[in-house]
Amino acid sequence: MLPLNEKQIRSSFLNASLRERKAITLPTGFDELEWDALDFLGWRDEKIPAFGYVVGEVDGAPVGVLMRQIDGKTRNRPQCSWCEDVNLPNDVVFFNAKRGGQAGRNGDTLGMLVCAKFE
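Just so we're aligned, residue 1 is where the sequence shown starts under my numbering, counting upward by one.
Among the clues, some could well be false.
Pairwise CB distance ranges (calculated) [stated by the list, open to error]: (1) 100 <-> 48: 31 to 37 Å; (2) 29 <-> 76: 31 to 37 Å; (3) 117 <-> 22: 19 to 25 Å; (4) 85 <-> 47: 15 to 21 Å; (5) 102 <-> 37: 36 to 42 Å.
I should point out that these hints are in silico values taken from the structure, not numbers from a laboratory. For clarity, every value in this text was computed on a predicted model and none was experimentally measured. No residue lacks a Cβ here, since even glycine has one placed at the ideal position from N, Cα and C.
Make the full structure from the sequences, and use the hints.
Right under this line is the structure:
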């Protein structure tokens, strides 16, 4: 992943308002990240633990998504939609993300099962 600065990360979020972008808490150790070793940057908000942030590269540009963990129980051990590993040593939880633009302002969301700490 290409190295990003704070301004690039905050402006990359497609489904966040200006107020939400300003409130984002960057991950601990942000200045020491090894960008070459990352496929994407994902972290949970230390101030608001239900929030998660993911920034990846799409066509050479950073694209960020603000996500919120939804409380609930699954009947079986869920599988992460991203890594598709069935032998995970960590929890998989349900996140939803509002869509960008007018659809998001209308309340449309997407849901996915993802590793709880984006491992």
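So, going through the hints one by one against the coordinates:
no. : hint                   : in the structure
1   : 100 <-> 48: 31 to 37 Å : 20 Å, violated
2   : 29 <-> 76: 31 to 37 Å  : 34 Å, holds
3   : 117 <-> 22: 19 to 25 Å : 24 Å, holds
4   : 85 <-> 47: 15 to 21 Å  : 29 Å, violated
5   : 102 <-> 37: 36 to 42 Å : 37 Å, holds
When the structure is compared with the earlier hints, violations turn up for hints 1, 4 and for no others.
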